[in-house]
Amino acid sequence: MAHDLAQNTVDGLMTGSAYAMLALGFTLIFGVMRRLNLSYGPSIMIGAYLGTLVHLQFGMGAAVVALVTVLGAVAAGFYVERLCFAPMRGQAATASMVASFAIWMQLEELATLLLPRHSYPFPALIARPPFEIAGILIRADRLLTLGAAIAAMLALWLLVHRSRFGLALRATARDRATARHLGIDVDRIGLIAFLGASALGGLAGMLVIAADQQITPMFGMWATFKGLVAMMLGGLGSIPGAVIGGLLLGVVEAHGQWFFGPQLRDLLVYALLFLCLVLRAGIGAGVPSAERRI
Amino acid sequence: MLDVRDVVTAYGKIEALKGVTLSVAEGRITCLLGPNGAGKTTLMYSIAGILKPRRGRIALKDREITGRAPDQVVQAGVALVPENRLVFPQMSVRENLTAGAYLRRDRAGIAADMERMFQRFPRLKEREGQLAGTLSGGEQQMLSVARALMSRPRLLLMDEPSLGLAPLVVEEIFRIVTELNRDGTTIFLVEQNAHMALKVAHHFYLMEQGRVSFSGTPGEVEEAEVIQRAYLGSRRAD
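Keeping their order, the protein sequence lines are chains A and B.
Count along the first sequence from 1, add 1031, and you get the number used in our numbering.
Count along the second sequence from 1, add 1, and you get the number used in our numbering.
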């Protein structure tokens, strides 16, 4: 029992670190623009399909495939930003969200029409058997995901709180109009944040898909949902919150799956999310959410 | 220094500025008075590039800046101290100042200017690492002024710096305005507090319903007359 709990927790943290990275990307967009990009997952999926394409067509190895996936996600993110966010700046945030939902459908249809098979292979980053530490089984590629998530969080935190760009980002997130008064090009800052988020999402997606070694059109929805739920658990728009939310989601899922099976696992997650929303807290509680932008 | 010619700025169909012409002399304090809704802030925003004029011309030392983006206007040497101060409450005093120097790349110069600001505003130095949201209204106003100065402006636009401040603090703010001007900064000031404004201004304009209705120097007109015109409406025949 104790061993199961420990193994589940470790597994949950590993999976959760991918959720955390997805949530970080969401947070970057939501923190700066106060807008939800529902096409976030599907743009990552497009990147992954491009990665799989160079793998199948040109027999490229994992490194090239990883790079293509991230760049593809950024390109798809750029497309979404130009279409759904750039034309509607300073206007109803709902319009951007609904538009991004439409692009989600468009990207998903595109993937299923161009690549009719349900699943395609994706090369593994590290293909070696799991190793054991103190009786706990650990997969090397999951460990890599965890490391990447921690690195991404630190890098993002440093970028936001210690750089000139980060200062402009926080100024824009907090008060667009005043940021403009000071000569900050808020539209450019928004675009860069958006592309950065897409790159982060692309990296997270690539690590997940490489661990699964396959990609399906369902991945877009999966990534949007996991990232969104993790961000909401963490209390919308905070960097540490996104990471904690992601890890929590992973751990709850792992235990739920083990003890109650896959159906109840998801129910458990939604019950937890419901509880968080009802308590209007999130994990970075105590501060009203508007005060917590990035 | 600043030349505004026949500027029309509109919000949709409503013209807030109906052809404003005025100029701000280099090295002087010029003041813009007028009742609420006269278009004073709209004029400030039009100069700063936040709003695009529909017609007319705005020039800074013969260089046209009409309709330029705010960052280009800041680069040209104009900084705005916005109404209600609008410091970033979740950032430290130091970060707020750094944000004011956003377009500058000279690290050494920025650091030197930061020290200069701390000398001029010792209260800010004491609160250097504190979040700006925890400062008093007067301190926030000083921070807002210092933040604008961090871009090394040739022309400082100040929109109602005395708004909502206690009389003693207002005195201090106006003392700072005079000092800044003495040190060579040209100032264009929008004020509701006509009494204080007329004390420091070299020249003033009166604005009513989107037009300049009167201009003069504080000495040549009775203060009561100006206040009468500014807040009770002019007695023009037209």
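Derived from the structure by calculation, the hints contain no laboratory data.
Each residue gets a CB set at the ideal place from its N, CA and C atoms; glycine is no exception.
Any given hint could be a false lead.
Across the chosen pairs, the derived CB separations fall in these ranges [as the list claims (entries may be wrong)]:
#1 A:Phe-1196 - B:Lys-126: 20 to 30 Å
#2 A:Arg-1195 - B:Gly-130: 10 to 20 Å
#3 B:Ser-93 - A:Trp-1253: 33 to 43 Å
#4 B:Glu-127 - A:Phe-1109: 37 to 47 Å
#5 A:Gln-1137 - B:Gly-130: 45 to 55 Å
#6 A:Leu-1190 - B:Gln-76: 41 to 51 Å
#7 B:Leu-104 - A:Leu-1102: 29 to 39 Å
#8 B:Gly-28 - A:Leu-1310: 55 to 65 Å
In the SDA-like style, the derived pairs of lysine to any residue whose C-alpha atoms are separated by at most 25 Å in a straight line are [unchecked claim]:
#9 B:Lys-53 - A:Arg-1205
#10 B:Lys-200 - B:Gly-220
#11 B:Lys-126 - A:Arg-1205
Contradicted hints - numbers only
Failing hint: just 6.
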